[in-house]
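Dock chain B against chain A, hints included.
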Amino acid sequence: MSKPKLAIYWAASCGGCDIAILDIEAKILDVAAAFDLALWPCAADFKKKDVEAMPEGSIDLCLFNGGIRSSENLEMAKLLRSRSKVLVAFGSCAHEGGIPGLANQFTHDELFASSYRETPSTDNAAGVLPLTHSAVKEGDLELPVIETTLKTLDQVVDVDYYIPGCPPQPTQIWAVMETIIQGKPLPPKGSVVGAGDKTCCEECPRTRDEKKLRHFRRPFEFFPDPAQCLLDQGIVCMGPATRSGCGGLCVAVGVPCRGCYGPPAGVKDQGAKMVSALASVIDSQDPAEIDAIIAEIADPVGTFTRFSLASSMFKRAGS
Amino acid sequence: MAFEPRIIGFLCNWCSYSGADLAGVSRIQSAPNLRSVRVMCSGRVDPTFILRAFELGADGVLVAGCHPGDCHYAEGNYKTMRRVALLKVLLKANGIDPRRLRVEWISASEGDKFARTVNEMTEELRQLGPLHPAVEPVAVAAD
Chain A
1 MSKPKLAIYW
11 AASCGGCDIA
21 ILDIEAKILD
31 VAAAFDLALW
41 PCAADFKKKD
51 VEAMPEGSID
61 LCLFNGGIRS
71 SENLEMAKLL
81 RSRSKVLVAF
91 GSCAHEGGIP
101 GLANQFTHDE
111 LFASSYRETP
121 STDNAAGVLP
131 LTHSAVKEGD
141 LELPVIETTL
151 KTLDQVVDVD
161 YYIPGCPPQP
171 TQIWAVMETI
181 IQGKPLPPKG
191 SVVGAGDKTC
201 CEECPRTRDE
211 KKLRHFRRPF
221 EFFPDPAQCL
231 LDQGIVCMGP
241 ATRSGCGGLC
251 VAVGVPCRGC
261 YGPPAGVKDQ
271 GAKMVSALAS
281 VIDSQDPAEI
291 DAIIAEIADP
301 VGTFTRFSLA
311 SSMFKRAGS
Chain B
1 MAFEPRIIGF
11 LCNWCSYSGA
21 DLAGVSRIQS
31 APNLRSVRVM
41 CSGRVDPTFI
51 LRAFELGADG
61 VLVAGCHPGD
71 CHYAEGNYKT
81 MRRVALLKVL
91 LKANGIDPRR
101 LRVEWISASE
111 GDKFARTVNE
121 MTEELRQLGP
131 LHPAVEPVAV
141 AAD
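Those sequence lines, one after another, are chains A and B. Numbering-wise (my numbering), the first sequence opens with residue 1 and increments by one. Numbering-wise (my numbering), the second sequence opens with residue 1 and increments by one.
Isolated chain B (complex conformation):
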């Protein structure tokens, strides 16, 4: 069976999750490879969430939030911006291709941007291959 990338998407409630919803309602065709997790702000995404996603079998992680300057909580997305930048440095140093972690600013009206992001990410990860070639992703109960 051909490799299908598994992407976990942390989407902020106010912008990106609504943007993803708009993509759905507008019936925009996009790859089914992303599983969404709604958070109130992209700034809620702790680095451990991202690492845990990779650990449990995600081949890529998307963190999507409001555009810079438009965060519903004023500054949350700036923290996301800096957090992801620093995390990418550490991922690379630990042998994980930093392209597997992506941050995007997707507003509530940008359903097409959401779809485009999912499609691009899926294709890029298909080229990169699975993060854990030998390991089957697992379903886990809450810790």
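So that you can see chain A by itself, here it is in the shape it has in the complex:
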């Protein structure tokens, strides 16, 4: 009997999710023993035409990481959706847009001008920009279109499960793979797997006390107490609005949570929830003082929606 087929694909991605899969170390041999690999551009030589030649639904499991930035990403998302029984949005970018989602603050022209002309170390006196179509003496060259908006996987195709994280932690990746390999039942379609149901605070080793914030401070401004909750000390930590599952790795070493595991169960919008949480603990009743305290939060968009801008209600409300 043939083994179930596994596909791993990267769209607009940094490659970290593929490395995280390899970080399950020796257990990758268990994965290789349990599955036939159908596609994994990072690690194997299967081509797009190999996937196109497969019947619909013949890939049992597809782990799709990266956001949908280009027409090629979109095409591959649709192709893999049609060829896969179970399509998983793997990692923060596929789940909620991730860091590439922050590009949605800018127009297509602004992004191109910055990347190809304006950055200080760019040497492009002729102001050349990539084109979707160029005629050169050897023939015609085609490049994918960079779409105006970075989209999440579920904004373009139907997604079965989400594995959050930037990247998902290897222990969690293995937990999900083991469940599948052992044939155990999966939760309902649309669930977040490979993560917990609570918030990052549950996994944080620090002591939490009552919060009364009169100032926000950034980690470099002082030596934070290693035992005390970072938010208690005025450092904006997204822990209260972030799903558990990572083991609280960042907060344990003094780095405030940035929210890469996405919103906790039952929360629609991570950034909006954090606004609500912070508003509750700011210790002031005077409008001018409140404005001054809020002004101490550096980069609100990059703080509240660092990973979730592409999927957040803020962007949909204003678009």
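If you're looking for bench data, these hints aren't it; they were derived computationally from the structure. Computed from a predicted structure; not experimentally measured. Hints may be right or wrong, so weigh each one.
Lysine-lysine pairs mimicking DSBU-like chemistry, simulated, CA-CA at most 35 Å apart [what the hints assert, rightly or not]:
no., chain 1, residue 1, chain 2, residue 2
1, A, Lys3, A, Lys48
2, A, Lys5, A, Lys211
3, A, Lys85, A, Lys211
4, B, Lys88, A, Lys211
5, A, Lys184, A, Lys198
6, B, Lys92, A, Lys198
7, A, Lys198, B, Lys88
8, A, Lys48, A, Lys5
9, A, Lys137, A, Lys49
10, B, Lys92, A, Lys212
11, A, Lys184, A, Lys137
12, B, Lys92, A, Lys211
13, A, Lys184, A, Lys47
14, B, Lys92, A, Lys268
15, A, Lys212, B, Lys88
16, A, Lys198, B, Lys113
17, B, Lys113, A, Lys212
18, A, Lys137, A, Lys189
19, A, Lys85, A, Lys5
20, A, Lys27, A, Lys48
21, A, Lys137, A, Lys198
What follows is chain B alone, placed relative to chain A:
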């Protein structure tokens, strides 16, 4: 047809909703552009309610509660104050004019203040224009 702003108003049960009611009973003329949603406290208004209102076609959102110091639940309106202040920063950063979100303290006896607020907001939004020029507001079933 001329643009008529659509405003969603979250009004607290104890003060602002009663204030709006008083405006009605007193027959004070005011613009019909605000649709009211009664909440027990302005502090109940989650930022997602406001964002959802904008997403579904509201051109402006009003959050109205008891005067500071007079909240029926002691501190709810202070949370509203801080929440709206922070939300406005994020709205602006995301290209939504923060004037579209307004917080007002309207007591149960201030029917005229309610009417004045609705009229002012309607006119300001008429100048600002629709939030979604191309999109028709939709009616949705509960999520």
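With a cut-off of 35 Å on the C-alpha distance, tell me whether lysine 198 (chain A) and lysine 113 (chain B) pass. Violated. Lysine 198 (chain A) to lysine 113 (chain B) sits at ~43 Å, over the 35 Å cutoff.
Hinted pair lysine 212 (chain A) and lysine 88 (chain B), Cα distance within 35 Å: The given pair, whose Cα atoms are some 22 Å apart, holds under the 35 Å limit.
Hint check: lysine 88 (chain B) vs lysine 211 (chain A), CA-CA at most 35 Å. Holds or violated? holds (23 Å)
Sort out whether lysine 268 (chain A) lies within 35 Å of lysine 92 (chain B), counting only the CA atoms. holds (21 Å)
Given the hint that lysine 137 (chain A) pairs with lysine 198 (chain A), does the C-alpha gap stay at or below 35 Å? violated (59 Å)
Hinted pair lysine 184 (chain A) and lysine 47 (chain A), Cα distance within 35 Å: Holds. Lysine 184 (chain A) to lysine 47 (chain A) sits at ~31 Å (cutoff 35 Å).
Straight-line alpha-carbon gap lysine 48 (chain A) to lysine 5 (chain A), limit 35 Å: holds (15 Å)
Straight-line Cα separation of lysine 27 (chain A) and lysine 48 (chain A) no greater than 35 Å? holds (27 Å)
With a cut-off of 35 Å on the C-alpha distance, tell me whether lysine 92 (chain B) and lysine 198 (chain A) pass. Status holds; Cα separation ~31 Å.
Straight-line alpha-carbon gap lysine 85 (chain A) to lysine 5 (chain A), limit 35 Å: Holds, at roughly 10 Å.
Does lysine 137 (chain A) sit within 35 Å of lysine 184 (chain A), going by the straight-line distance between their CA atoms? Judged against 35 Å, a Cα distance of about 57 Å means the pair is violated.
Restraint status (C-alpha distance of lysine 3 (chain A) to lysine 48 (chain A) at most 35 Å): holds (21 Å)
Violation of the numbered hints given earlier is confined to hints 2, 3, 11, 16, 18, 21; the remaining hints are satisfied by the structure.
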